[in-house]
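A.B. asks: Residues per chain, in single letters:
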Amino acid sequence: MSERFQSEQTRSAVPAEELQPRAPFAILPVGAAVTALGLAALLGWLLDLPHLAGFDTELVPMAPSTALLFLAFGGALCLRARPPLDSPAHRLGARIGDLAAGVALALLVLGALGIRLPVERLGLTLSCNPGVPVGHMSPVTAVCFLLAACAARSSAGTPATGTWRGLLGFGAAAVLLGIAFVFVLGYLYGRPLLYGGKTIPMALSTAVGLMVLGLGLLLLAGRRGGGSLELHERTVASGWLFLVFALLAAGLIAAGHLYCNGYERQHRVEVERALSAVADLKVSGLTQWRRERLGDGSAFLGNESFAELVEQTLERPSDPRLRNRLQTWLRQVRGAHGYQTVFLLDVGGAALAADPAALESVPARLREAVADSLRLGEVSFLDFHRDHAEGPVHLAVLVPIYAAQPERRPLGVLVLRIDPAAHLYPLVQGWPTPSPSAEALLVRREGDHVLYLNELRFDPGAALTLRQPLASPRLAAAKAISGYEGIVEGPDYRGLLSLAAVRRVPDSPWFLVARIDAAEVDAGLVERVWHLALLVSALLAAAACALGWGWRQHLGRFSRERFRAAESLRSSEARYQTLLENAPVAVLIKRADRITEVNMASLPLFAAQSKEQLLNRSPFELFHPDDHPAMRARIGAMLEHGDAVPVREGKVLRLDGAAVDVEVTAAPFWDQGGPAIHVVLRDVTERKRAEQALRASETELRQRHDELTRFTYTVSHDLKSPLVTIQTFVGYLEEDLANNDRPGIDKDLGFIRNAAQKMSRLLDELLMLSRVGRYVNPAEELSLQEIVRESLSLVAGQIAERGAKVELTDAPLVLRGDRDRLIQAFQNLVDNAVKFMGEQPEPRIEIGIEGSQDEPVVFVRDNGMGIDARHISKVFDLFAQLDPQRGGTGIGLPLVRRIVETHGGRISVQSEGPGRGSCFRITLAGARRASKERAS
Amino acid sequence: MTQGAAVVILLVEADAAHAESVRRDLAAFRVANQLIHVKDGQAALDYLLREGDYADLEPVGRPDLVLLDLRLPKVDGFEVLRRIRETESLKGLPVVILTTSAVELDLARAYDRAANSYLVKPVDFDKFTQLLEAFGFYWLVWNQSPNATGGQRQ
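Chains as they are written, first to last, in the numbering used here: chain A, 1 to 936; chain B, 1 to 154.
One or more of the hints may lead you astray.
[Said to hold, decoys possible] On the chain A side, residues computed to face chain B include the following (Cβ under 10 Å):
#: 1; residue: A174
#: 2; residue: Y576
#: 3; residue: T712
#: 4; residue: S716
#: 5; residue: H717
#: 6; residue: S721
#: 7; residue: I726
#: 8; residue: T728
#: 9; residue: Y732
#: 10; residue: S760
#: 11; residue: L763
#: 12; residue: G890
[Stated by the list, open to error] Example chain A residues on the side facing chain B (calculated, C-beta under 10 Å, incomplete):
#: 13; residue: Q703
#: 14; residue: R704
#: 15; residue: H705
#: 16; residue: L708
#: 17; residue: T709
#: 18; residue: D718
#: 19; residue: L723
#: 20; residue: F729
#: 21; residue: G731
#: 22; residue: E734
#: 23; residue: K747
#: 24; residue: A755
#: 25; residue: A869
Because the hints were derived from the structure by calculation, they are not lab data.
As the structure is a prediction and not an experimental result, all values here were calculated from the model.
Cβ atoms here follow ideal geometry from the backbone N, Cα and C, with glycine treated the same way.
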């Protein structure tokens with residue numbers, strides 16, 4: 001087959017498309033995925049596999065109630081994946097969705113009231129520690145389920161159910177998708193949202209499930225958009241669109257992730273710097289404080305006057321003056337430096353003096369320290385201690401007092417007792433910026449334990465009571481004691497994750513820990529993640545909207561184009577049908593050797609009453625058998641080359657069997673997936689008839705023209721000839737008259753007379769001839785006998801003179817024509833016969849009829865001179881006289897021929913030879929056919 | 001040129017009157033010894049070819065000149081001329097056309113068939129006589145023909 005046919009085949013092979021609105025093909029897998037997530041979570045709870053329920057033990061697992069709702073929604077989606085929209089499956093799906101929405105609403109209300117029913121966990125437990133209550137549905141999840149139910153309900157109806165419902169469904173699904181996406185992003189950026197707050201956070205698996213659910217509902221709500229689209233086109237286009245969107249989303253999420261990581265690092269560094277700064281500040285403050293305290297003590301160390309006063313007081317304890325002086329010293333020390341109590345103890349530990357004076361009893365711990373202090377001989381600290389288990393925490397500065405003479409005799413110890421709550425604790429605990437969890441703590445080593453020295457922010461009364469093993473991993477205080485200085489991340493005294501800067505306080509057993517809850521550090525981050533996730537979601541939503549808008553535009557343009565194409569195809573088809581039906585020529589379409597289509601113009605051509613009479617016939621039945629070989633060759637050529645074949649003349653067979661001349665044009669084309677041939681037939685009968693008539697009239701015209709030419713030039717000869725004779729003999733006559741030659745005169749006059757007569761006859765006959773051909777009288781029905789008798793009467797004289805016998809047949813024959821002309825024809829024939837009788841002693845003329853009944857032939861036969869075969873062809877030529885002796889003009893027989901021919905007949909002559917007579921035969925149009933003449 | 005030399009002219013003329021006038025004029029000028037008159041083309045051919053009625057016409061010699069009309073019964077002048085020119089023994093025979101027709105076509109056809117001269121019969125007695133006189137002198141006295149008997153006999 002040719003290429004042309006190939007291309008037409010591909011053009012026409014447009015598959016029929018599905019116009020019915022249908023659920024997107026992705027609904028079923030979406031429903032299945034949602035169901036699977038729910039099932040997995042339930043299994044996780046049942047089998048105590050936290051990874052199945054929540055991906056990680058650190059993360060919140062999906063609540064059993066949430067899993068059940070996922071099962072319900074997934075099932076509902078699956079039920080609605082298949083058309084038709086009104087099936088029981090759809091209704092069941094809708095019921096399930098409503099039920100799930102009810103459960104979600106109930107849980108939301110309960111959650112808002114702060115009631116968490118244990119029944120929600122279905123009596124199951126899961127071993128995980130995300131730091132938040134598990135097994136309860138997050139209120140956010142409940143809201144999401146309500147949105148899902150709303151979207152499912154709105155898109156449940158047929159596409160005809162109004163636009164606002166569609167928009168509502170679409171919007172609800174989009175919001176659901178957005179919320180789930182924000183939470184997924186939170187997980188993705190490493191800062192799960194809502195953790196650490198009062199609200200139960202949404203589990204990662206829940207967020208993923210809700211995202212998938214939202215996607216499915218979005219598809220369900222958006223299905224009414226492109227129902228008229230071809231599936232293939234839509235799949236390809238939406239595939240591209242999805243790819244673009246996926247790339248965009250991936251880019252946005254990755255950018256968000258990078259930003260989040262960078263921000264987190266920076267934030268962390270800032271927090272660490274702040275912690276370090278605070279720690280350094282605290283350490284320097286503490287060092288300063290200690291130095292001052294030691295300095296206070298140094299004022300008494302080696303103070304000879306004070307030592308002298310103490311010595312004198314020891315010698316004279318009851319001296320009120322001495323006691324007063326001593327008391328003044330102590331009061332001044334206490335008042336100037338804000339010590340809680342100032343004791344002066346003797347070497348035995350008994351109080352010599354104290355300020356305020358009321359506190360005379362010396363705590364045991366101080367008495368014990370006296371010996372050490374005296375032995376040390378320097379100002380020293382008595383570190384944090386309690387006098388008894390419930391007593392307040394104290395510190396003390398010990399100053400040994402020695403007598404000047406004899407050298408370094410111990411006198412006692414001055415104890416400057418410090419209440420840390422007054423100055424030291426505020427110094428430690430104060431934080432330069434407001435913070436809900438930041439604090440500094442002071443620890444020292446106590447055996448294998450860490451001892452917390454100050455009051456803790458979140459554990460009041462811990463000072464000197466809270467001990468934690470040094471071996472605790474990642475415990476900031478333990479690390480500090482182990483000699484580490486810097487940032488430590490680990491659990492604090494409460495076990496909560498915190499970030500801490502640790503320092504050693506120089507010249508002391510103390511270590512400083514400036515710590516802040518990791519949760520507080522993260523709080524800023526989480527806030528950032530919230531913003532970021534919302535921003536990314538908004539950007540993605542905007543991108544989705546833009547792409548969706550573009551897609552709708554594309555769909556619109558596509559369907560407009562398709563509509564236009566279909567419209568143009570329809571109108572083209574209509575034009576073709578109109579053209580076909582109204583064409584003035586017969587058009588047949590042949591497919592697979594059958595006529596499959598005919599137009600109205602074919603009916604008269606084939607003399608058919610209805611198209612059915614022509615349809616389903618073989619084309620060979622409709623054509624004349626003579627044309628069959630040519631038809632086969634042409635059909636073969638068309639199918640092989642695919643080109644039209646040239647116009648050809650042929651014959652078709654009408655249904656009544658008659659053949660009609662036609663002009664056949666044929667061209668192959670591709671019709672409904674098969675080769676077909678367009679055949680155009682034009683009836684050329686009329687044209688052929690006209691052509692024939694034209695040819696006949698042309699022949700006649702040429703004959704007339706020849707005749708006229710001959711006539712003209714013969715006239716110039718034959719008319720001139722008598723004139724020459726007359727002129728010449730008039731000249732001779734004059735001569736003869738002059739010579740008085742009587743016989744000459746007679747002869748001359750005879751010639752002149754003859755010439756004049758001849759001329760006169762010639763002119764008469766020429767006139768007669770010119771009249772023939774122009775019908776003067778109307779045609780009428782005439783009997784042969786009537787005509788012949790009439791003509792015989794006109795030539796009766798000649799007949800009688802020659803003594804000829806005329807026989808006329810009795811057989812009836814009706815002629816039709818101009819009476820006068822026909823009489824003239826027979827008169828000339830008889831006259832001619834009489835004229836050329838020759839020497840025949842018994843001249844006889846026979847007029848009869850021969851030939852068939854349909855084509856009767858009238859003959860005029862004589863037994864005269866006959867005609868020499870050499871000259872027989874000239875007898876009907878104008879002015880062709882065969883014998884000048886007979887005095888003819890050469891017009892008689894041509895005249896007869898013209899009369900016969902104008903009556904639609906023919907004339908011929910036959911002769912056996914000179915002396916054997918001749919026979920003229922006339923075929924005249926018969927009575928029946930006479931009516932066809934141009935008589936009227 | 002000798003007066004009284006036997007010059008034979010074949011006159012082919014259908015019209016008796018015309019033949020008579022030619023005969024009288026030629027006789028008046030005494031240029032022809034013998035004028036043979038035939039009335040149609042067939043007779044002319046028969047005479048020249050010794051056929052038909054003239055098959056045994058021994059003593060009469062071949063004509064020195066043919067005066068030929070064009071409009072003739074049976075066989076017309078053109079056909080006669082064609083036959084003369086086609087016949088070996090008659091090829092050189094001078095043929096003078098004498099006719100009433102002044103039609104161009106006839107003139108052309110005659111010369112086409114190698115007529116020696118073409119004369120139109122004038123419709124005037126004096127001119128007719130002058131024409132025949134001039135013709136007689138020109139053809140029968142002055143003109144030399146290669147095999148004309150008239151020429152040889154001088």
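A.B. asks: Please go over all the hints and tell whether each is borne out by the structure.
C.D. replies: Now for the hints, and whether the structure bears them out:
1. A174: violated, 109 Å
2. Y576: Violated, about 63 Å.
3. T712: Result: holds, 8 Å to nearest chain B Cβ.
4. S716: OK, holds: A:S716 within 10 Å of chain B, min 6 Å.
5. H717: At about 4 Å, which falls below the 10 Å cut-off, the nearest Cβ of chain B leaves the hint on A:H717 intact, so it holds.
6. S721: Where the cut-off is 10 Å and the nearest Cβ of chain B is about 5 Å from A:S721, the hint holds.
7. I726: holds, 9 Å
8. T728: Cβ of A:T728 sits 4 Å from chain B, so the hint holds.
9. Y732: holds, 7 Å
10. S760: violated, 15 Å
11. L763: violated, 16 Å
12. G890: holds, 9 Å
13. Q703: violated, 18 Å
14. R704: With a closest approach of 18 Å, the A:R704 hint is violated.
15. H705: violated, 14 Å
16. L708: Hint violated; A:L708 Cβ to chain B Cβ min 13 Å, cut 10 Å.
17. T709: holds, 8 Å
18. D718: Holds: closest Cβ of chain B sits about 7 Å from A:D718, inside 10 Å.
19. L723: holds, 5 Å
20. F729: holds, 7 Å
21. G731: holds, 3 Å
22. E734: holds, 8 Å
23. K747: Cβ of A:K747 sits 8 Å from chain B, so the hint holds.
24. A755: Hint on A:A755: holds, closest Cβ of chain B at ~6 Å, below 10 Å.
25. A869: violated, 12 Å
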